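Undergrad: Now for the letters of each chain:
There are 2 protein chains.
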Amino acid sequence: MENVCKIDVLLNLFLCLISDRLFDCISPYLLPAKNGEEPTMQFLLEVVDILTNYVKKTFDRSTKVLDFHHPHQLLEGMEGFNLELSDQPESLEQILVDCRDTLKYGVRTGHPRFFNQLSSGLDIIGLAGEWLTSTANTNMFTYEIAPVFVLMEQLTLKKMREMIGWPGGEGDGLFSPGGAISNMYSVMIARYKYFPEVKTKGMSAAPRLVLFTSEHSHYSIKKAGAALGFGTENVILLSTDERYLKKKKKKPVNLGYVPLFVNATGGSTVYGAFDPINEIADICEKYNLWLHVDGAWGGGLLMSRKHRHKLNGIERANSVTWNPHKMMGVPLQCSAILVREKGILAGCNSMCAGYLFQPDKQYDVTYDTGDKAIQCGRHVDIFKFWLMWKAKGTIGFEQHIDKCLDLSQYLYNKIKNREGYVMVFDGPQHTNVCFWYIPPSLRGMPDGPERQEKLHRVAPKIKAMMMESGTTMVGYQPQGNKVNFFRMVVSNPAATQSDIDFLIDEIERLGHDL
Amino acid sequence: MENVCKIDVLLNLFLCLISDRLFDCISPYLLPAKNGEEPTMQFLLEVVDILTNYVKKTFDRSTKVLDFHHPHQLLEGMEGFNLELSDQPESLEQILVDCRDTLKYGVRTGHPRFFNQLSSGLDIIGLAGEWLTSTANTNMFTYEIAPVFVLMEQLTLKKMREMIGWPGGEGDGLFSPGGAISNMYSVMIARYKYFPEVKTKGMSAAPRLVLFTSEHSHYSIKKAGAALGFGTENVILLSTDERYLKKKKKKPVNLGYVPLFVNATGGSTVYGAFDPINEIADICEKYNLWLHVDGAWGGGLLMSRKHRHKLNGIERANSVTWNPHKMMGVPLQCSAILVREKGILAGCNSMCAGYLFQPDKQYDVTYDTGDKAIQCGRHVDIFKFWLMWKAKGTIGFEQHIDKCLDLSQYLYNKIKNREGYVMVFDGPQHTNVCFWYIPPSLRGMPDGPERQEKLHRVAPKIKAMMMESGTTMVGYQPQGNKVNFFRMVVSNPAATQSDIDFLIDEIERLGHDL
Chain A
1 MENVCKIDVL
11 LNLFLCLISD
21 RLFDCISPYL
31 LPAKNGEEPT
41 MQFLLEVVDI
51 LTNYVKKTFD
61 RSTKVLDFHH
71 PHQLLEGMEG
81 FNLELSDQPE
91 SLEQILVDCR
101 DTLKYGVRTG
111 HPRFFNQLSS
121 GLDIIGLAGE
131 WLTSTANTNM
141 FTYEIAPVFV
151 LMEQLTLKKM
161 REMIGWPGGE
171 GDGLFSPGGA
181 ISNMYSVMIA
191 RYKYFPEVKT
201 KGMSAAPRLV
211 LFTSEHSHYS
221 IKKAGAALGF
231 GTENVILLST
241 DERYLKKKKK
251 KPVNLGYVPL
261 FVNATGGSTV
271 YGAFDPINEI
281 ADICEKYNLW
291 LHVDGAWGGG
301 LLMSRKHRHK
311 LNGIERANSV
321 TWNPHKMMGV
331 PLQCSAILVR
341 EKGILAGCNS
351 MCAGYLFQPD
361 KQYDVTYDTG
371 DKAIQCGRHV
381 DIFKFWLMWK
391 AKGTIGFEQH
401 IDKCLDLSQY
411 LYNKIKNREG
421 YVMVFDGPQH
431 TNVCFWYIPP
441 SLRGMPDGPE
451 RQEKLHRVAP
461 KIKAMMMESG
471 TTMVGYQPQG
481 NKVNFFRMVV
491 SNPAATQSDI
501 DFLIDEIERL
511 GHDL
Chain B
1 MENVCKIDVL
11 LNLFLCLISD
21 RLFDCISPYL
31 LPAKNGEEPT
41 MQFLLEVVDI
51 LTNYVKKTFD
61 RSTKVLDFHH
71 PHQLLEGMEG
81 FNLELSDQPE
91 SLEQILVDCR
101 DTLKYGVRTG
111 HPRFFNQLSS
121 GLDIIGLAGE
131 WLTSTANTNM
141 FTYEIAPVFV
151 LMEQLTLKKM
161 REMIGWPGGE
171 GDGLFSPGGA
181 ISNMYSVMIA
191 RYKYFPEVKT
201 KGMSAAPRLV
211 LFTSEHSHYS
221 IKKAGAALGF
231 GTENVILLST
241 DERYLKKKKK
251 KPVNLGYVPL
261 FVNATGGSTV
271 YGAFDPINEI
281 ADICEKYNLW
291 LHVDGAWGGG
301 LLMSRKHRHK
311 LNGIERANSV
321 TWNPHKMMGV
331 PLQCSAILVR
341 EKGILAGCNS
351 MCAGYLFQPD
361 KQYDVTYDTG
371 DKAIQCGRHV
381 DIFKFWLMWK
391 AKGTIGFEQH
401 IDKCLDLSQY
411 LYNKIKNREG
421 YVMVFDGPQH
431 TNVCFWYIPP
441 SLRGMPDGPE
451 RQEKLHRVAP
461 KIKAMMMESG
471 TTMVGYQPQG
481 NKVNFFRMVV
491 SNPAATQSDI
501 DFLIDEIERL
511 GHDL
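If you read the protein sequences in the order shown, they are chains A and B. Residue numbers are given in my numbering: position 502 of the first sequence equals residue 502, and the series is strictly consecutive. Residue numbers are given in my numbering: position 207 of the second sequence equals residue 207, and the series is strictly consecutive.
Misleading hints may appear alongside valid ones.
What the hints assert, rightly or not - DEER-style ranges, computed between Cβ atoms:
no. : chain 1 : residue 1 : chain 2 : residue 2 : range
1   : B       : R100      : A       : N312      : 34 to 44 angstroms
2   : B       : V97       : A       : T200      : 46 to 56 angstroms
3   : A       : C352      : B       : N288      : 48 to 58 angstroms
4   : B       : L96       : A       : D426      : 40 to 50 angstroms
5   : A       : E285      : B       : G165      : 30 to 40 angstroms
6   : A       : E419      : B       : P167      : 30 to 40 angstroms
7   : A       : D406      : B       : F81       : 34 to 44 angstroms
8   : B       : V365      : A       : D67       : 26 to 36 angstroms
9   : A       : E170      : B       : L96       : 17 to 27 angstroms
10  : B       : G343      : A       : E84       : 16 to 26 angstroms
11  : A       : E285      : B       : N278      : 18 to 28 angstroms
12  : A       : T200      : B       : S86       : 54 to 64 angstroms
Unchecked claim - Examples of chain A residues lying across from chain B (beta carbon under 7 angstroms, computed):
no. : residue
13  : E46
14  : D49
15  : P71
16  : L96
17  : V97
18  : W131
19  : T135
20  : A136
21  : M203
22  : K222
23  : M351
24  : V365
25  : G396
26  : A464
Please keep in mind that the hints were generated in silico from the structure rather than gathered at the bench. Everything numeric in this text was worked out from a predicted model, so none of it was measured. We treat Cβ as the ideally placed atom computed from N, Cα and C, and that holds for glycine.
Make a model of the complete structure from these sequences and hints.
TA: See below:
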């Protein structure tokens with residue numbers, strides 16, 4: 001307590017000194033306050049104080065993961081937290097209160113007991129990287145306005161391509177706004193590779209093209225099919241051998257359809273399953289199809305000497321999606337599309353707008369990479385990742401990944417023979433562990449539609465209670481003909497065995513009387 | 001000097017106290033340092049110190065806008081700044097050095113003399129908002145994990161639709177990763193509106209569709225045409241009446257082409273020109289075409305009672321792109337796609353993946369907006385904008401916009417009759433002022449190919465010298481048959497008349513002897 005008081009006194013003193021000093025030299029421009037009278041550097045440091053307190057609490061297991069409220073409750077205004085915008089400005093004091101309230105009613109995705117998404121955790125180096133990125137406030141459009149970030153992107157992508165196993169790390173790529181867009185890029189460039197005239201003439205210049213992916217793959221392949229003009233009916237969902245693509249695929253050429261593209265998933269969303277890339281690559285080579293590996297979730301395993309074999313064959317892919325913001329704990333967003341053939345990304349997307357990319361600059365304009373993207377301005381997603389890589393080294397990522405997979409194995413071993421649990425599949429490949437919790441009331445019940453229907457409602461009920469008590473969060477979903485089951489994933493570096501134990505205790509506490 | 005020392009002492013004391021306190025309660029999880037021995041909250045505060053110093057310098061006119069280096073120089077490693085990644089971790093001390101170097105070799109886009117892009121400036125409230133967003137580290141996928149941000153997005157989009165003039169602010173929309181993607185959304189939903197079967201069957205289910213836009217519009221419409229399967233040849237670039245779309249457009253129905261979509265630009269990239277929306281809307285209504293207004297750059301003028309008339313007719317649009325990260329000074333990225341018809345965004349893009357959007361949650365799942373997007377995870381772009389709107393009020397944005405347009409008028413008045421300047425067009429509509437600087441050596445020369453060729457090289461030369469001296473930055477480009485000219489834009493709230501004067505002096509200083 002004494003320490004806390006001392007800190008407050010010092011903080012105030014410190015803030016005043018800093019803000020006075022700044023006030024002299026930069027006066028009106030820095031200041032967001034009306035009339036420029038307020039010492040706004042003080043404001044910024046007070047925000048930092050709010051944020052560091054939040055970070056501290058995020059890692060404290062005695063705090064809740066969330067303080068749940070329904071939309072109508074937040075919209076009505078919780079304890080004066082008014083979301084409505086107005087014509088008139090608010091005071092800086094009120095803005096600080098707004099910042100506190102925004103965090104208070106949000107979800108602590110870095111909490112050691114937040115297991116709800118593939119992206120979780122709060123890496124401090126990554127966070128520092130994001131703060132710096134925001135402060136630099138530039139975009140990846142040209143070397144001219146983002147020289148350092150453009151080079152970091154190129155070097156990091158090369159390193160990632162080396163880990164994929166493409167000779168010399170050659171190829172191309174960029175960071176895109178998430179795995180869905182990275183997957184969309186893969187379909188676009190595959191189409192450009194085989195039917196470049198579609199760029200100018202549209203889909204009518206190509207035969208009816210078909211994309212293949214597994215029924216367990218991410219829905220973004222289908223979204224890409226819809227958006228890019230293929231149509232979802234021409235995205236063929238191949239059935240899987242329980243978890244991965246079946247080994248034998250029917251020769252996919254008939255009825256005038258032309259197969260173009262196969263997506264192999266390296267770590268599926270629900271099961272964490274890895275399609276057998278080498279076997280799929282054999283088929284793609286035989287029929288001259290583009291092979292994409294969606295490693296949005298599983299790509300991180302390339303960093304682990306122990307687990308990278310699950311992606312064996314990835315070096316045969318034409319393109320790869322890999323999201324460091326998932327398994328590698330990089331703050332959102334950070335997703336890479338990597339391409340084996342150099343130049344094809346530019347060929348596919350460039351429009352050579354002279355007013356945006358001037359060829360007559362004094363530096364080597366091959367570093368102006370903006371025209372390769374479907375975006376114009378592009379957020380700087382590279383720096384936090386680059387900084388984390390610097391701080392951890394490749395071995396740091398490896399340790400993180402190995403630890404998360406060990407924890408999942410711990411969970412799997414703990415519940416596979418435990419009373420009241422049924423596993424959806426045996427032997428996790430990734431950190432995904434999928435299971436049903438069977439409340440005592442259903443344990444003696446014979447299997448059949450009635451029990452299935454009741455079981456279907458168990459996970460949503462437990463999840464709702466979890467959210468209302470705010471103690472932990474874990475995902476659930478149905479899959480095919482399987483009723484709702486829990487999908488546990490671990491990507492948070494803060495999670496330990498005790499948090500896994502806590503989750504299981506909590507499921508049993510909340511689900512026991514259902 | 002004395003103050004500075006005191007601050008250092010206090011800062012250190014403060015940091016130690018804070019970090020000790022934190023060290024006790026959160027020990028290994030917070031710590032990015034190897035073995036968890038380092039007080040990493042101190043690290044975070046040291047990063048803040050680097051960032052606040054950078055902010056301070058950004059607004060200081062005695063600092064350079066940039067310290068230019070060629071790619072090969074940075075790649076070789078400037079004074080120990082090594083961009084290469086390694087297997088082994090670096091020390092936290094080295095990470096701090098990396099942060100400093102990253103900023104040192106970057107470009108100060110918030111500097112009062114940075115005029116290079118449509119996005120410039122560094123708003124402190126917006127910056128605080130981004131720092132908080134990074135700390136919250138969530139995504140816009142579901143209400144479940146971003147309750148406050150999802151509601152803020154909905155309320156802010158409604159407010160924007162009200163400003164567009166759609167009755168009751170009704171409609172739909174979302175924030176997307178930049179104006180190019182927002183424009184792409186507009187084409188996608190137009191296609192879905194008229195030919196919904198393209199979603200499932202692909203472009204072969206539709207006739208040959210044509211998109212119209214002006215030759216001065218942003219290249220992203222063409223990019224969207226290529227990506228979505230229309231083909232760039234089916235994106236018809238209409239010629240303009242010097243700056244805007246010609247008033248009479250040929251009836252665009254012949255040869256089996258079906259016109260689908262017209263883009264009217266509200267603030268073009270180079271000229272800042274506003275197409276006559278009402279006249280275009282008449283044509284669209286007559287021929288039943290989708291009307292999109294690309295107000296990425298000009299949309300902010302809706303906030304100004306003085307200037308919003310330039311967008312008259314925008315309320316007749318079916319969709320609007322509006323980037324608060326441009327004219328409104330919101331940090332990158334912040335772009336909205338707004339749609340008049342409710343439900344069409346979801347109709348176009350949703351895939352109803354049960355494993356991602358569970359219908360059986362305890363809250364109103366209509367707030368789970370992820371499936372409307374082509375992205376899966378979506379970065380939180382709303383908070384900084386919402387916070388700025390709270391802090392400034394609508395009138396704060398109005399003042400900012402009016403001030404920027406006044407400054408451009410000041411520049412225009414200053415140079416329109418000045419010796420050595422030729423205006424590309426008279427009477428700016430937006431903050432774009434386009435002009436040739438004619439060095440004394442060319443002033444007496446008769447017009448002709450030789451003079452044009454020499455003039456074409458003037459702007460790049462001046463720009464290169466500007467960058468090398470680091471004093472200011474302004475864009476240039478050719479346009480149609482016009483040789484390279486400067487495009488001056490003002491969106492930085494820190495810019496004043498003295499900075500405009502400086503720019504002109506600098507152009508003359510550097511260009512005088514060319």
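Undergrad: Indicate, hint by hint, whether the structure satisfies it.
TA: Status of each hint after checking the structure:
no.	hint	verdict
1	R100(B) x N312(A): 34 to 44 angstroms	41 angstroms, holds
2	V97(B) x T200(A): 46 to 56 angstroms	49 angstroms, holds
3	C352(A) x N288(B): 48 to 58 angstroms	33 angstroms, violated
4	L96(B) x D426(A): 40 to 50 angstroms	47 angstroms, holds
5	E285(A) x G165(B): 30 to 40 angstroms	57 angstroms, violated
6	E419(A) x P167(B): 30 to 40 angstroms	60 angstroms, violated
7	D406(A) x F81(B): 34 to 44 angstroms	37 angstroms, holds
8	V365(B) x D67(A): 26 to 36 angstroms	20 angstroms, violated
9	E170(A) x L96(B): 17 to 27 angstroms	34 angstroms, violated
10	G343(B) x E84(A): 16 to 26 angstroms	24 angstroms, holds
11	E285(A) x N278(B): 18 to 28 angstroms	57 angstroms, violated
12	T200(A) x S86(B): 54 to 64 angstroms	44 angstroms, violated
13	E46	9 angstroms, violated
14	D49	9 angstroms, violated
15	P71	5 angstroms, holds
16	L96	9 angstroms, violated
17	V97	10 angstroms, violated
18	W131	5 angstroms, holds
19	T135	5 angstroms, holds
20	A136	5 angstroms, holds
21	M203	4 angstroms, holds
22	K222	5 angstroms, holds
23	M351	5 angstroms, holds
24	V365	10 angstroms, violated
25	G396	5 angstroms, holds
26	A464	4 angstroms, holds
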